[in-house]
Amino acid sequence: MPTVVPPTQNPPTDPAPVALDDCGALVSSLRHAEAMAAQWSDAAAELRRVLIERLGDAELGTINGHPAVRHTTYRDTRVSTKMLRELAPADLIERCTTTTTRRRFTLVDTDSGVA
1 MPTVVPPTQN PPTDPAPVAL DDCGALVSSL RHAEAMAAQW SDAAAELRRV
51 LIERLGDAEL GTINGHPAVR HTTYRDTRVS TKMLRELAPA DLIERCTTTT
101 TRRRFTLVDT DSGVA
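Here the sequence shown stands for residues 1 to 115, where the numbers follow the UniProt record's numbering.
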């Protein structure tokens, strides 16, 4: 669960780096797993695209008479923050705005030292 930081409180400063010398194999395995996940994700997206194309306007696809895939239509309602900023008073927007501090885990590019 994310930590909510009140606007008057600053997030903690960066702690010192931790040596993970004994975790080299874990980092290498994670790099490999993420690369494989990306490849499988691309493959899944292409298979999904082909099946959706084959379904056309139908919502249900069957194999041997049994439901196998669905491609349904649904509505998604969202608030346009751009429009809200244009139309609502600034104090209302400020009162309804929250700041959340989160942590992001990334693998650092070994060639450039950049995440």
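Just so you know, the hints here were simulated from the structure itself, not pulled from any lab data.
Glycine is no exception: its CB is placed at the ideal position from the N, C-alpha and C atoms.
Treat the hints with care, as some may be off.
To be verified - Listed next, with one range per pair, are the computed distances between beta-carbon atoms:
| # | residue 1 | residue 2 | range |
| --- | --- | --- | --- |
| 1 | I52 | R103 | 49 to 57 Å |
| 2 | T101 | V69 | 35 to 43 Å |
| 3 | D57 | S29 | 31 to 39 Å |
| 4 | A19 | H66 | 50 to 58 Å |
| 5 | S29 | R103 | 41 to 49 Å |
| 6 | D57 | D14 | 51 to 59 Å |
| 7 | S29 | R49 | 47 to 55 Å |
| 8 | V18 | T81 | 47 to 55 Å |
So, going through the hints one by one against the coordinates:
A hinted range of 49 to 57 Å is violated for the C-beta pair I52 and R103, which are about 36 Å apart. A hinted range of 35 to 43 Å for the beta carbons of T101 and V69 is consistent with their spacing of about 40 Å. Distance hint check for D57 and S29: the Cβ-Cβ separation is about 44 Å, which falls outside the suggested range of 31 to 39 Å. At about 55 Å, the beta-carbon gap between A19 and H66 stays in the expected band of 50 to 58 Å.
Range check, S29 to R103: about 21 Å between beta-carbon atoms, so the 41 to 49 Å window is missed. Distance hint check: the CB atoms of D57 and D14 are about 53 Å apart, consistent with the given range 51 to 59 Å. Checked against the hint of 47 to 55 Å, the pair S29 and R49 fails, with Cβ atoms roughly 30 Å apart. Between V18 and T81 the C-beta distance comes to about 37 Å, which lies outside the given range of 47 to 55 Å.
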